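K.L.:
For reference, the chains in residue letters:
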Amino acid sequence: MTDYEKTELVNAFYQLRSGADMITDMANFHMDYFNMDNIDANQMDIHFNLPNEQDKEIFLVWHRMLMFETEQAMQAINPKLSIPYWDSSADRLETSPLWEEDFMGSFEDNWSLNRNFGHDGLLPSPQSITNMLQMSDFFEFSNFFERQLPHSGAHRWVSGAMVTSASPRDPVFYLHHTFVDKLWHDWEETHDASFYLRTDMLRYDGTYVFDGETLPLVNPNSIVDSRALGVFYAENGLATLDNYIVSNTHLPEELFYYRFTIQAGDNFIAAENTTSHLQSISEVILTPGFLAESGSNFRASIDAETTSLLARNNQQQYPREKKPFDDVELEQVWLWSEGEMDAKDPAVVMQTFPNPFDNKITITLNKKKDCVVEIYNLTGALIKQEFFEFTDIIEINDLYGLAAGTYVVKVVDANGETLVAKKVVKM
Amino acid sequence: MMKTIGVALLLLMLSFLYQEELNFRVANKTKHTLTHIRVFGTNLQGELKPNEQSDYYQTIYNDFTEEAILMVYVEGKNYGIYVPLSQRNNRVTYIIDSIDTINRNILIRMQVDE
Chain D
59 MTDYEKTELV NAFYQLRSGA DMITDMANFH MDYFNMDNID ANQMDIHFNL PNEQDKEIFL
119 VWHRMLMFET EQAMQAINPK LSIPYWDSSA DRLETSPLWE EDFMGSFEDN WSLNRNFGHD
179 GLLPSPQSIT NMLQMSDFFE FSNFFERQLP HSGAHRWVSG AMVTSASPRD PVFYLHHTFV
239 DKLWHDWEET HDASFYLRTD MLRYDGTYVF DGETLPLVNP NSIVDSRALG VFYAENGLAT
299 LDNYIVSNTH LPEELFYYRF TIQAGDNFIA AENTTSHLQS ISEVILTPGF LAESGSNFRA
359 SIDAETTSLL ARNNQQQYPR EKKPFDDVEL EQVWLWSEGE MDAKDPAVVM QTFPNPFDNK
419 ITITLNKKKD CVVEIYNLTG ALIKQEFFEF TDIIEINDLY GLAAGTYVVK VVDANGETLV
479 AKKVVKM
Chain G
149 MMKTIGVALL LLMLSFLYQE ELNFRVANKT KHTLTHIRVF GTNLQGELKP NEQSDYYQTI
209 YNDFTEEAIL MVYVEGKNYG IYVPLSQRNN RVTYIIDSID TINRNILIRM QVDE
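These protein sequence lines are chains D and G, in that order. Residues in the first sequence are numbered consecutively from 59, following the numbering used here. Residues in the second sequence are numbered consecutively from 149, following the numbering used here.
Quick partial rundown of chain D residues pointing at chain G, CB under 10 angstroms, derived from the structure: (1) Asp90; (2) Asp95; (3) Asp178; (4) Ser210; (5) Arg214; (6) Cys429; (7) Asp471.
Below are the EDC-like pairs computed for lysine to aspartate or glutamate, each with C-alpha atoms no more than 16 angstroms apart in a straight line: (8) Lys426/D <-> Asp248/G; (9) Lys426/D <-> Glu223/G; (10) Lys442/D <-> Asp456/D; (11) Lys64/D <-> Asp160/D; (12) Lys179/G <-> Glu223/G; (13) Lys179/G <-> Asp450/D; (14) Lys442/D <-> Glu432/D; (15) Lys426/D <-> Asp471/D; (16) Lys240/D <-> Asp145/D; (17) Lys427/D <-> Glu223/G; (18) Lys114/D <-> Glu214/G; (19) Lys427/D <-> Asp248/G; (20) Lys197/G <-> Glu447/D; (21) Lys138/D <-> Glu311/D; (22) Lys138/D <-> Asp61/D; (23) Lys225/G <-> Asp90/D; (24) Lys225/G <-> Asp83/D; (25) Lys225/G <-> Asp98/D; (26) Lys177/G <-> Glu447/D; (27) Lys179/G <-> Glu447/D.
Don't read these hints as lab results, they were simulated from the structure. Small disclaimer: the values here were computed from a predicted structure and weren't measured. From the three backbone atoms N, C-alpha and C, an ideal C-beta is built for every residue, glycine too.
Chain D extracted, bound-state conformation (with noise of 0.2 angstroms):
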């Protein structure tokens, strides 16, 4: 990727976890309808699906749709954004690009995702990939890929929130399941065999609603070439564009931008009344089978563009996270005195001892809860975070070990409500 497509997919990453949270949506439902043969098997899920359910193997076209939203959100925030994919099978070191600052690993503290690679399995080989992908059963490919090393493989060995249900939580996901329906496609492109039963699915049945917009009825079956979705993928420099029609269904400019030399034919049609745009870093090849029909708005370009962009978009790097404390008056530093009573709880009561406070913080809840402190330097950066179970006494002592210095105390309890929120200086 060019360091303007990396600045710019990071920066939509947490531009989609602001407002109205889409990360967040995204990690809650997935989490919400994982798997719920536990509690009923006849319910419908996303995952490990049995082979009598009617949902069965619903896992990759589920998740190519997923893929698809969120790649949509993002390129209303740039078009020229894709989700780019992981091969975990070759790209397999922690000391990969792909994990540094300024790209995967920005998410890392400030979305606490507690990555330990390696730690909870192996990624898979490559020679894994290729015997896979000889399968010729589709119930048996995909049984086999969401179970093995292909999928799961990389879920593991992320660790933290990718070894959970709430997965779409850590950016890292989006880029995994892109490999994962990129593989897909790949197994499509020889066997042609995908098929579903069901003609609908969780979140995409016509009735979810997100920030106000109701999200569209999909029927599996319409989506198992991913040229349905205008999703072709690059490999080896190389983006060929066939055997699709411009139509405009998703976005009123169908904009194909690639790092990669572009080529487009073998029945590639812009169709009459549609604009579409092929656009490269570095070269567009229109081979015999492109047509462009009279009346179409086509174009073919070099974007020159980028690294201007980039230079501006330096300046203006999204808020890597909202401050989580903007609502907690700053100007007065916390008073710390024994038993001194939160005016808004007054069950709330906080303590320090000494006081001056530098050694250990005490906060008495009225009843028992679960509840989380978070603790911030002044930037909004989270720098510890510790989760109390069902308690009614939070100790915090010497404030984890942190330099003295200023920070923000907060308290947040499982409805999402914040206890207390204070501003304190360490001695």
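Chain D is already provided as a structure; the job is to place chain G on it using the hints.
P.N.:
Just chain G, lined up with the frame of chain D:
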């Protein structure tokens, strides 16, 4: 000929899939009561109160048909997490150390019992 070799390779690959007898139990070190616990496609009976552990369960685990996943239901939410597999044919305990109902996190570890 090539197709025959391909099919043979595939069958060979499938024969090496992880398949063996597993003996496992689940221990609840959280402060929550856990219900609807499922591991390796096996639903555990009853619920686990804090500091309780289940009996051992035995299953013939085949990672082509079952999944190395622990599911558990807590306070209206379903939690799922991939579980580690013992390298040998040991009895193991999957200890649920923490369930963060606010951030929807679950932490587990595997203890080899013998």
